[in-house]
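Chains F and U, in that order, give the protein sequences. Per UniProt numbering, residue 1 is the first one in the first sequence, and the count goes up by one each step. Per UniProt numbering, residue 1 is the first one in the second sequence, and the count goes up by one each step.
To be clear, the hints were calculated from the coordinates, so they are not data collected in a lab. Computed from a predicted model, the values in this text were never measured in an experiment. Warning: the hint list may mix true and false statements.
Stretches of chain F that chain U covers, calculated by requiring three or more beta carbons in the stretch to come under 8 Å of a beta carbon on chain U [claimed, not checked]:
id : segment
1  : 141-150
2  : 221-233
3  : 253-260
4  : 264-275
A partial selection of chain U residues facing chain F, derived with a Cβ cut-off under 7 Å [claimed, not checked]:
id : residue
5  : L113
6  : P235
7  : S238
Glycine included, every Cβ here is placed at the ideal spot set by N, Cα and C.
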Amino acid sequence: MIGFALRRLAWVLPNIVVLTFLLFATTSGWLGSPAAMMLGTDASPAAIAELNARFGFDDPIVVQYLRWAGGALTGEFGRSYSTQQPVAAMIAPAFPVTIELALWAILLAVVTSVGLNSLVVARGVVGAISTGFSIIGVTIPNFMLGATLITIFSVWLGWLPTTGWVPWDEGALLHLKHLILPVVTLFAFYFGSFSMVYRAEYRAVERQLFVRVAAAKGLSESAVSFRHVLPSAVLPVITYVGLTLGQLVGGAVVTETVFSIPGLGRLFVTAIGSYDYPVMLAVGSIILVGVMVTNLLADLALAAMNPQIRL
Amino acid sequence: MTARRFRLGLGVALVAIIALAGLLAPWIAPFDPNASGADVLSGATATHWMGTDDLGRDVYSRVLHGARISLLVGPLAALVTAIIGVPFGLLAGYARGRLNQFLVQVMDLFIALPNLVLALIITVMVGATLLNIVLVLGIVMWPEMARLVRGQVMSLRETPFIEAARSIGCKPSRILAFHIWPNIMRIVAAQMAIAVSAAIFTAASLGFLGLGLPPPAADWGSMVQSGFDYLSLNPLLSLAPGAAVALTVLGFYLVGRSVE
Numbered sequence: 001m002i003g004f005a006l007r008r009l010a011w012v013l014p015n016i017v018v019l020t021f022l023l024f025a026t027t028s029g030w031l032g033s034p035a036a037m038m039l040g041t042d043a044s045p046a047a048i049a050e051l052n053a054r055f056g057f058d059d060p061i062v063v064q065y066l067r068w069a070g071g072a073l074t075g076e077f078g079r080s081y082s083t084q085q086p087v088a089a090m091i092a093p094a095f096p097v098t099i100e101l102a103l104w105a106i107l108l109a110v111v112t113s114v115g116l117n118s119l120v121v122a123r124g125v126v127g128a129i130s131t132g133f134s135i136i137g138v139t140i141p142n143f144m145l146g147a148t149l150i151t152i153f154s155v156w157l158g159w160l161p162t163t164g165w166v167p168w169d170e171g172a173l174l175h176l177k178h179l180i181l182p183v184v185t186l187f188a189f190y191f192g193s194f195s196m197v198y199r200a201e202y203r204a205v206e207r208q209l210f211v212r213v214a215a216a217k218g219l220s221e222s223a224v225s226f227r228h229v230l231p232s233a234v235l236p237v238i239t240y241v242g243l244t245l246g247q248l249v250g251g252a253v254v255t256e257t258v259f260s261i262p263g264l265g266r267l268f269v270t271a272i273g274s275y276d277y278p279v280m281l282a283v284g285s286i287i288l289v290g291v292m293v294t295n296l297l298a299d300l301a302l303a304a305m306n307p308q309i310r311l
Numbered sequence: 001m002t003a004r005r006f007r008l009g010l011g012v013a014l015v016a017i018i019a020l021a022g023l024l025a026p027w028i029a030p031f032d033p034n035a036s037g038a039d040v041l042s043g044a045t046a047t048h049w050m051g052t053d054d055l056g057r058d059v060y061s062r063v064l065h066g067a068r069i070s071l072l073v074g075p076l077a078a079l080v081t082a083i084i085g086v087p088f089g090l091l092a093g094y095a096r097g098r099l100n101q102f103l104v105q106v107m108d109l110f111i112a113l114p115n116l117v118l119a120l121i122i123t124v125m126v127g128a129t130l131l132n133i134v135l136v137l138g139i140v141m142w143p144e145m146a147r148l149v150r151g152q153v154m155s156l157r158e159t160p161f162i163e164a165a166r167s168i169g170c171k172p173s174r175i176l177a178f179h180i181w182p183n184i185m186r187i188v189a190a191q192m193a194i195a196v197s198a199a200i201f202t203a204a205s206l207g208f209l210g211l212g213l214p215p216p217a218a219d220w221g222s223m224v225q226s227g228f229d230y231l232s233l234n235p236l237l238s239l240a241p242g243a244a245v246a247l248t249v250l251g252f253y254l255v256g257r258s259v260e
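Extracted from the complex, chain F is given alone in its bound form (with noise of 0.2 Å):
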């Protein structure tokens, strides 16, 4: 286990080093020289120069990136072109947000998708729905839900807020209830799948011997499917969350955006919308990163699950 584990490793680290160096070189070699920017246009070279000097804009790219990486490692990540804060404050307070956001809507489809497809009673009637939220959820775009939603619920209805976020400490109620919306837009995305993963880990595991012992010493159908079949079959959902995350990550790019919701997501794709490379650069590496992290996390939990993985 240990030998397989540093050998994903071996293999992850570089491709985080290869993946960052690439968005480092072509943020800072595409969107121009960053002196140039700082001081406007008609800057003359000879300003241009002396901040290249103190900078180290003039160093060479590798030199630039290292330097680059030992700051990000430190959690410093320069300044904000657009507004010159540190990119650091900005993401501080973005990050739980995103955190939280993803933390719900994971939650609430794997407790529903794996509750309802093991109640004996719901059983039938979601496996006629989940292939179709499953369609659904690859089809309908997040920002078309979000907006859908957005028009019933808080325009028609006006049920709830349509956008913004309040934090926790303005009120627990308010907070949760700007959360309903872009959490239902999350979780529509992955109920569906998620559903169709654990049916077939299901059907897989009802039919291995401990079940029907379970079943023929007289348990009733619930509690065989509960406390028998569920801590079996629920393993290859836990995982496919950690595989599709890279999706997840996307879908809360989006559903920020719609909501206003002030994430990782919307940060970046205002820092994109002003050419704010500093901060694109960070909240990138840290999604890239963090993908590539909770990766091997899941590769780790399955090849701790399942030895054969490990060859």
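Model the placement of chain U on the given structure of chain F, informed by the hints.
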């Protein structure tokens, strides 16, 4: 399989309707999609079936013309996906040893990365033109195609007719081109339909996030975004192009899934 028949029929019908709308847009659209009028932000009326946007342009005409852009972007991006993904998948499926391991790991890496985030980063750097968006979408979507092709090749590789070809001395390139490729063409075609739907989905998301084709192009994603501020005034500004995206994506997706 009546359910499959139904899904295929529905998919084909949707694609046909969208394709007709796109093809005939110049003739059936009641207004010039880019002509602003004095009637700004009107609701749905007899003249403007879906109302007008903030510049007084007819939303229905713009939705119809948007089909042309989506039907151009989607299939072209799917083509790029196939051009990169199929050779990669063929190689990864047929190669053994270190090369195989390396290709698989590269593929897994790209599959894990968020398509939309990558597409955003690349698009902002190269600029949102039609050609760039097509290339960017192809570049972020190829791994799914490669993975599918690789799986097919791996199962075909072990069949007797491939073994026979190998035993009479066919070179790997010949086996791949003349023995394996004809057998996976159908599945690649199905996957391309799915790639079309994914490309239209992602292109619309890019448009919504402000990286669509530059105005005044009738880009569905951008239209949803510009209508967003007026949801309480006339939700159709956003919902009509949004529904057009969803139906187009659904159509291609159903076709791909039922052929597979």
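* Determine which of the earlier numbered hints do not hold for this structure and return their numbers in increasing order. => Of the numbered hints given earlier, the structure breaks just one, which is hint 2.
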